[in-house]
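Participant: Here are the chains, one letter per residue:
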Amino acid sequence: MTAHRLLAPPPPVAGRILDAQLHLLDRQVLDHDGVPVTTVDDLEVSGPALDTELEPGAAAPVLSALLTGPVLGTRIFGGRPPASRLVRIPWEDVAEVGVVLKLGVSGENLDAGWVERWIRDRIIARIPGGRHDPR
Amino acid sequence: MKRLLGVALGVLTAIGGFVDIGDLVTNAVVGSRFGLSLVWVVGVGVLGICLFANMSGRVAAASGRATFEVIRERLGPRAGLANLSASFLINLMTVTAEIGGVALALQLASSVHYLLWIPVAALAVWLVVWRVKFSSMENVTGLLGLTLIVFAVALFLLQPDWGNLAGQALAPAVPAEETVSTYWYYAIALFGAAMTPYEVFFFSSGAVEEGWSIKDLVQSRINVLVGFPLGGLLSVAIAGCAAVVLLPAGIAVTSLSQVILPVAEGAGKVGLAFVLVGVVAATFGAALETTLSSGYTLAQFFGWSWGKFRRPAQAARFHLAMIICLFIGLAVLATGVDPVLVTEYSVVFSAIALPLTYLPILIVANDPQYMGQHVNGRPVNVLAMVYLVIILAASLAAIPLMVVTGAGA
Numbered sequence: 025m026t027a028h029r030l031l032a033p034p035p036p037v038a039g040r041i042l043d044a045q046l047h048l049l050d051r052q053v054l055d056h057d058g059v060p061v062t063t064v065d066d067l068e069v070s071g072p073a074l075d076t077e078l079e080p081g082a083a084a085p086v087l088s089a090l091l092t093g094p095v096l097g098t099r100i101f102g103g104r105p106p107a108s109r110l111v112r113i114p115w116e117d118v119a120e121v122g123v124v125l126k127l128g129v130s131g132e133n134l135d136a137g138w139v140e141r142w143i144r145d146r147i148i149a150r151i152p153g154g155r156h157d158p159r
Numbered sequence: 022m023k024r025l026l027g028v029a030l031g032v033l034t035a036i037g038g039f040v041d042i043g044d045l046v047t048n049a050v051v052g053s054r055f056g057l058s059l060v061w062v063v064g065v066g067v068l069g070i071c072l073f074a075n076m077s078g079r080v081a082a083a084s085g086r087a088t089f090e091v092i093r094e095r096l097g098p099r100a101g102l103a104n105l106s107a108s109f110l111i112n113l114m115t116v117t118a119e120i121g122g123v124a125l126a127l128q129l130a131s132s133v134h135y136l137l138w139i140p141v142a143a144l145a146v147w148l149v150v151w152r153v154k155f156s157s158m159e160n161v162t163g164l165l166g167l168t169l170i171v172f173a174v175a176l177f178l179l180q181p182d183w184g185n186l187a188g189q190a191l192a193p194a195v196p197a198e199e200t201v202s203t204y205w206y207y208a209i210a211l212f213g214a215a216m217t218p219y220e221v222f223f224f225s226s227g228a229v230e231e232g233w234s235i236k237d238l239v240q241s242r243i244n245v246l247v248g249f250p251l252g253g254l255l256s257v258a259i260a261g262c263a264a265v266v267l268l269p270a271g272i273a274v275t276s277l278s279q280v281i282l283p284v285a286e287g288a289g290k291v292g293l294a295f296v297l298v299g300v301v302a303a304t305f306g307a308a309l310e311t312t313l314s315s316g317y318t319l320a321q322f323f324g325w326s327w328g329k330f331r332r333p334a335q336a337a338r339f340h341l342a343m344i345i346c347l348f349i350g351l352a353v354l355a356t357g358v359d360p361v362l363v364t365e366y367s368v369v370f371s372a373i374a375l376p377l378t379y380l381p382i383l384i385v386a387n388d389p390q391y392m393g394q395h396v397n398g399r400p401v402n403v404l405a406m407v408y409l410v411i412i413l414a415a416s417l418a419a420i421p422l423m424v425v426t427g428a429g430a
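Taken in sequence, the protein lines are chains A and B. Using the numbering used here, read the first sequence as starting at 25 and increasing by one per residue. Using the numbering used here, read the second sequence as starting at 22 and increasing by one per residue.
Please note: incorrect hints may appear among the correct ones.
Simulated crosslink set (BS3-like; lysine-lysine; CA at most 30 angstroms straight-line) [unchecked claim]:
id, chain 1, residue 1, chain 2, residue 2
1, A, K126, B, K154
2, B, K154, B, K23
3, B, K154, B, K236
4, B, K23, B, K290
5, A, K126, B, K236
These aren't lab readings, by the way, just hints derived from the structure by calculation.
Same shape as in the complex, but just chain A (with noise of 0.2 angstroms):
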């Protein structure tokens, strides 16, 4: 058996470990008030390129927003859809972090719900009843 060097121990930190995979990818994000705004399709992490060494005594990456859109595909099939093309959730708008992903703000004035907010406004607004309360 060859031996292995083992990994330095993590770093000790303040509050929650979350990993990214098991906690954040793929899960469900709502807004303050409950709604489904999206699922968390990829993460966005400051620093340097991936693959890239890290300088000893660099500051270390930051989560800085969660995608949705194009990336989606590109996740499932490969590549990686132009910065232009992302759409983010600044990391500062989530509130909590559970079963779900719970927003500070209202999902009415993200970009990541414009595809929403244009079939609701020119599709289903429009057909009558569109904004009936069933309850």
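Using the hints provided, position chain B relative to the given structure of chain A.
Facilitator: Chain B alone, transformed into the frame defined by chain A:
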């Protein structure tokens, strides 16, 4: 008292809502060709759907998460998308079959050709999905579907040789004129008809629609554990009627009129009126459930806002997706394809796709992060593992058997 009424209503709608076009056609076909020798499969299927619905209902109540949200989270986007594609297409096939079933039943009642009824049926489905409250929709179609009990009444009025029927059911044997592979092909079809995946999408999403919490679980368990087995008895009665009237006459069921022929013979014109109401209600109810399921699966996978408890404008993509699905169903039926044939294929493909939804639910039902203290108990898990084997075996055997038997011909 109010609670008791709630339980009674829940059980009655579970019975009336159990049967759909898949159960009607498959049970009648099987009864007319194999007698009651495949009735054990209905038992296996009913126990399976009880187990599956119980697990997905508990996941929805404990975590507030519906089936396809869970599937995407557990399988990731790639396997999740493959799963979505398969489940969605089979569900679309079922939507098509159910709308065709409504139209065929209306043709029998009115003598107007079913192709003319199809747009009417699809429009009616859309109007209900668009406008009617979830609970009213469930209760009305479920209660009207109860008129299918006329199959059981007709079976008694036909005064069959009960000893002979019991013999077929208790000592199953392949009839002389059928082959072993067709026997097993229809066993899988019957299993798929009883355990259709859409029932689970619908059941778990319905739990979210009605805002179930843990304290509603007892009632949902009663609905499932009492309602589904009694619904299964209706399935057996359909097969029994076919076995008594059609099997001796050498009629193999290929149309909806043959499915209800034994009722007309046993219970006369009144019976016929009841069975027509029942078939329309059952297929219409299932058309609603499958249409909603197509919206649910897409919306939950992509994280859209969904649900009938919201105004349509607040779940715009969900409603648009369902409208598009209804148009696709209409387009398929407009080609003149036989809805009964679509049904026969849809139940087998349901059996093929079943592991895709069953396995993620089983995994999450054991995950304390979602379930807290309401994870599966040991007896449930033992049963669930047995069913995992059965479901996998049925799924893997279905395509080879379909090829060998020429789809049961």
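Participant: The structure should be examined with respect to each hint, and the outcome stated for every one.
Facilitator: Going down the list of hints, with the structure as the test:
no. : hint              : result
1   : K126(A) / K154(B) : holds, 28 angstroms
2   : K154(B) / K23(B)  : holds, 20 angstroms
3   : K154(B) / K236(B) : holds, 23 angstroms
4   : K23(B) / K290(B)  : violated, 37 angstroms
5   : K126(A) / K236(B) : holds, 25 angstroms
In this structure, only the earlier hint numbered 4 is contradicted, and the remaining ones agree with it.
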